[in-house]
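Asker: Here is what each chain is made of, one letter per residue.
There are 4 protein chains.
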Amino acid sequence: MGKKVCVVITARPSYSRIKTALKSIDEHPDLELQLVIAASALLDRYGSAVNFIEEDGFKIDERVYMVIEGSTLASAAKTTGIGIMELSTVFDNLRPDMVITIADRFETMSTAIAASYMNIPLVHIQGGEVTGNIDEKVRHAITKLSDLHLVSNEDAKNRLIRMGEHEETVFVTGCPSIDLVREVMESPNLDFDPCEKYGGVGSYINPNEDFMVVMQHPVTTEIDESRHQTEILIHEVAKMHVPVFWFWPNPDAGSDGTSNAIRTYREQNPNNKFRFFKNMEGRDFLRLLYASRCLVGNSSAGIRECSFMGVPVVNLGSRQNMRLRGPNVIDCGFQNNELSHALQSQFSHGLYEPAFLYGDGYAAQKIANLVATITPDFKKVISY
Amino acid sequence: MGKKVCVVITARPSYSRIKTALKSIDEHPDLELQLVIAASALLDRYGSAVNFIEEDGFKIDERVYMVIEGSTLASAAKTTGIGIMELSTVFDNLRPDMVITIADRFETMSTAIAASYMNIPLVHIQGGEVTGNIDEKVRHAITKLSDLHLVSNEDAKNRLIRMGEHEETVFVTGCPSIDLVREVMESPNLDFDPCEKYGGVGSYINPNEDFMVVMQHPVTTEIDESRHQTEILIHEVAKMHVPVFWFWPNPDAGSDGTSNAIRTYREQNPNNKFRFFKNMEGRDFLRLLYASRCLVGNSSAGIRECSFMGVPVVNLGSRQNMRLRGPNVIDCGFQNNELSHALQSQFSHGLYEPAFLYGDGYAAQKIANLVATITPDFKKVISY
Amino acid sequence: MGKKVCVVITARPSYSRIKTALKSIDEHPDLELQLVIAASALLDRYGSAVNFIEEDGFKIDERVYMVIEGSTLASAAKTTGIGIMELSTVFDNLRPDMVITIADRFETMSTAIAASYMNIPLVHIQGGEVTGNIDEKVRHAITKLSDLHLVSNEDAKNRLIRMGEHEETVFVTGCPSIDLVREVMESPNLDFDPCEKYGGVGSYINPNEDFMVVMQHPVTTEIDESRHQTEILIHEVAKMHVPVFWFWPNPDAGSDGTSNAIRTYREQNPNNKFRFFKNMEGRDFLRLLYASRCLVGNSSAGIRECSFMGVPVVNLGSRQNMRLRGPNVIDCGFQNNELSHALQSQFSHGLYEPAFLYGDGYAAQKIANLVATITPDFKKVISY
Amino acid sequence: MGKKVCVVITARPSYSRIKTALKSIDEHPDLELQLVIAASALLDRYGSAVNFIEEDGFKIDERVYMVIEGSTLASAAKTTGIGIMELSTVFDNLRPDMVITIADRFETMSTAIAASYMNIPLVHIQGGEVTGNIDEKVRHAITKLSDLHLVSNEDAKNRLIRMGEHEETVFVTGCPSIDLVREVMESPNLDFDPCEKYGGVGSYINPNEDFMVVMQHPVTTEIDESRHQTEILIHEVAKMHVPVFWFWPNPDAGSDGTSNAIRTYREQNPNNKFRFFKNMEGRDFLRLLYASRCLVGNSSAGIRECSFMGVPVVNLGSRQNMRLRGPNVIDCGFQNNELSHALQSQFSHGLYEPAFLYGDGYAAQKIANLVATITPDFKKVISY
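Chains as they are written, first to last, in our numbering: chain A, 1 to 384; chain B, 1 to 384; chain C, 1 to 384; chain D, 1 to 384.
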């Protein structure tokens, strides 16, 4: 019986990020994976990540329904409170030797608090980065509750050490999401028809045409603007007169505004060239990005995965504000000309040189090995 | 209509610390105090701080029952989860312009998460200190969720800046608990009979005799030992054959062990010289300390208040491990000779020179003025 | 200052039922209305009843987000648990003299438990009826927690008395939903274009053509079948080749199945004659029913409102199983011929004679007067 | 693998009642017992029933901490809400074929709602009785959520049938608490020294002297009076100048008042003849009652167990108001003479004739057999 490593996954994009590491942990002879699927990862409205997880062959130990409906700021807080209550029961049942939490979504704080308050060593993946908005507060607060830090790059490592984490608890593994990119880049061509394989709603798009991909999430510190921002985005993208694959947003505060703007546009413009998806299997999504002329929006995929592949990105608004980024990214705001110029420039640019900012593509094995060999102590004092 | 400043008090000692600042905020012409009393501050078992608060003339806006009975680690987590649910409703009703949270008890995380997730600027009092144990994780995590930091000393300020907080958001005000000490030191003599005024249980103690005060809380990262540690402490203290005023512990995980050890001792030693109290009004408590030969245990009062007064302290175990301390403190562990020597040495020492490590006694006014003039932004990015 | 009467509304249809009574309470000189909007009544996905409520001029005292996403049976239970926690805080703040709860949706149990456990007299509207499924258990359990019963008809009154309620606590007022029907019947013609006024999605329907209305909710004791049942229903309705106004289901366990069946059908049959709505203002909805050839589905509107208007109804499945019904209703199951025959028969029948089974249309004033003159005692003992 | 029968025990007295049935279920070849210990049954303050349960050899499947501290009415409601959230997770994990809930304490509603909302057949033990106060509402509401009723006597059975329960779902088994009484009556003499065996606090009592037993719980609909009522009781009992074994109250709303009255009395009357216990093993408790001159207070043990043994009872106040009782009971209120006369009369009376009102002492086997042979349907409609 190996060391019991419990991973809590609360959202579709978190699963994409951690997937290869899950596999490595699951297959490691000294480790026993305990998998908890929670929050929006269980919900149909946000793409039922849980189904992909099961199709990928993982056994799910617990499911935790915790999302309070109603995308207000108070309900994000309440969701987190419920998550703590539920996860403390789950950890009591599973009795893991350590708990892994991923990145910085608001509800990951539930995992961090339940584990650290129960004296279970907490491992944080993707701490030490800088982005702005509520994610920023959550990420660094989780760092302070965590006992072992597995980070994407030296930049993040140095930041954690400056913040007072002990050097011997911080390891650069790279981000496991890049592992998948590396594998996909061995045969990166689009080998499926997205509309056929994933359904979705909207116009049929021929994948052999030149197309764009859009992925825009609400920004929790700007929720009042999320509807308006989405309207500007749709308008500018439509003006390009090219086919667009568009992904629905995460269930953060403000997502109702974003979703409504999309629905209204669709109803008023029945002849648009847009196709809407909730979700896509990770490899397929990467091949779609690689086949696209550019990615538009504020998804971290533009900063992380696309830098490895060299895909042009129009990064819109403040959400990825301060992340480390490669030459493939043009940042812009919602002033119309700015966005319009960026779209035209990136659409015609073609692939950039790859940049390995978030890992070399071998993070999963490093993570599994570290977790197998290190048993972090849950008692911790700042280093200065 | 002034700026609405909501203060959440979750425990008896937190009230003692913040009391003078509450008064200054309440009386400030540009501020409107909103007072929320929560968690153990409402409970009879832990001294009903709420009664003292009302007797002191404060109007209570909301009461939040949130403590799950059963002093396990999981119930500390659940209590925190419930606190988030309840406080997010409270903040929704009160709509404060900012929220103040105090120090580092586990359930203060409820205040910090509810406020920061709802985009309400969060002010943290007494961040930046170093102690060890779960308080350490909680304190620094709250720093990372906070937008304005009002700290006890330059040491704390420098630490926060090293941690990545922006210098313009960190102010040394001193700890408001020291304000009360300064006032009391103007006429510090014991002017009441503790047994008569506070009841309590146990033997009558003549306050004119030489006595000790004991205050020992369970350490959440060592809960299995809390009963045993308390037994050693009782045994060694009893060997001194002097009268002892003993305060019941906080409702942390482990407090059942501590309480049981005390109860068992009392039943087996009906003729002991111990008197047990739940609580005491702040000034009375300070005069009791000043009149004592020494304070024994792991209360932060030994490190903070007693340094200002010069009262000898035997600081026991790891709870105050790394706090900045004055010459009045002797640290020791549970090895019997060590404790026994420290008790004898401090009991016979007499007052030390005062040390102003945690403020000059004028924190309250500084806090009220800062809160009245600064409106922190809830959007925040690490400084490096 | 009148008697404080707190009404908790948790869903769109509950608002429609109680609306006229809310107005009478609000305008009564001896009563002060406290309005709490909770659960799906706040949510965009279920038609944001809250917006209609505000447009109707009511002041909302508290909003309670309590729905846990994920339409499983466990999440219905959890939603109810959260509702109790939230509503007990709400009642603590509002301090009502009595609380009114409506009918039998699962989450109304939150209102009933919070009020009765806090010794606040509880008034139940629409107790004593018989339907089958979980509503049946909830309705009678709420009866047992209630202190005053305002019912639709003599049949319900007699049942409550047989169940052990004291005769002097049971009053026949009629159902306030019928008040609106009575008013609308004074000028019942369709005076708006539904697609134009309410948007919705799907084909445009000319309201001057002969059309049907469909309203089918999942049955919580048959959730596994809800998708399949919806598929049969769509198929049979489509075979009629007539325009159809279709309303989305309530957020009960099973609603994902129903919604998915609808979505799949729409995508596979782009040329259908269906128009889908989330919600409609109450009077407009009644005029739409009156203008239709028949109502199909398992909504209680078919049993209650339609009996007063004489609109033909195909009542499908077990949901309204045992409700008192008029001659306008044909019951049928999911065997295809059965449903197909019922549809054809009712579509061609024309209006039936009205039946006043659920009130004479003057319930609101009776309710307000009773609540103003009676102060029920929260102590209660079964009558035998 | 037998049918999985989940029993949820939330308090010390509920365990005493159900204990023999637990054993019969556990030993039945066709049944698999799933045991959930929750609420005050886990708490040291209320006698840690959980320890007795383990000593009795039962395996505990889940522990559910759910009691919110602070004995207010709102916290009873919140405790119930938390219980629903926790138990729905527990039932999701354990997947029982049926759930058994006992009697009528407020928090048993958590069990009833979680099970019935999750479509798990619910078995209610001790429904159909009449008592008054909030227990009355809870008991009958649980009846309406239950699918199988195992009751104490024909009186209860007839009441359930009048309430609309189907005759074929109601069975008279007797109350399993009486099974223990029957066994103990085979050798009923006091074979231990209570002070020696159970510790407790207060004066030593020689069990060979004539003594009384007191057991008085707060009444939730009269919580403001609970302190005052306890004071009267102590005063009157003390006037008898006989030794008294006194049991601490249940953790209901109002218990702080009761406990405080007891504490104050003890401190002011150090030479009293009272001994205070938290708890006692069931057989020992019955032998103590049998050896006493009389039982005083409002415990149901006076009505139920004592009727079988013929022990004289002074039943005080409204808590057992309408329960079926034998000739051994004298009812009285808090008017001093009334209580004083009843105490004198019962103290000198000696044993009464036994009355078998709550069963013949063979309930456990009947319960196990019924549960093994009947699978109740969770769909239910009132019988008229």
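If you are wondering where the hints come from, they were derived from the structure by calculation, not from laboratory data. Values in this document were obtained by computation on a predicted structure and should not be read as measured data. Where hints are given, some of them may not hold.
Each pair may be met inside one copy or between any two copies, as identical chains are not told apart.
[What the hints assert, rightly or not] With a straight-line Cα cutoff of 27 angstroms, these simulated DSSO-like cross-link-like pairs (lysine-lysine) come out:
| no. | residue 1 | residue 2 |
| --- | --- | --- |
| 1 | Lys4 | Lys379 |
| 2 | Lys59 | Lys366 |
| 3 | Lys197 | Lys4 |
| 4 | Lys59 | Lys273 |
| 5 | Lys23 | Lys239 |
| 6 | Lys239 | Lys4 |
Asker: Run every hint past the structure and note whether it holds.
Answerer: Here's how the hints hold up against the structure:
Only within a single protomer do lysine 4 and lysine 379 lie at most 27 angstroms apart by alpha-carbon distance; the minimum there is 19 angstroms, versus 38 angstroms between protomers. Taking the closest pair of Cα atoms, lysine 59 and lysine 366 come within 27 angstroms of each other only inside a single copy of the chain (22 angstroms); across copies the shortest separation is 41 angstroms, beyond that limit. In the homo-oligomer, the alpha carbons of lysine 197 and lysine 4 never lie at most 27 angstroms apart, since the shortest distance is 37 angstroms inside one protomer and 43 angstroms across protomers. Neither within a single protomer nor between protomers do lysine 59 and lysine 273 lie at most 27 angstroms apart by alpha-carbon distance, with minima of 39 angstroms and 44 angstroms respectively.
In this assembly of identical chains, lysine 23 and lysine 239 lie within 27 angstroms of each other by CA distance neither inside one copy nor across copies; the values are 43 angstroms within and 50 angstroms between. Neither within a single protomer nor between protomers do lysine 239 and lysine 4 lie at most 27 angstroms apart by alpha-carbon distance, with minima of 53 angstroms and 47 angstroms respectively.
Figure legend: structure checked against the earlier numbered hints; hints not met, in rising order: 3, 4, 5, 6.
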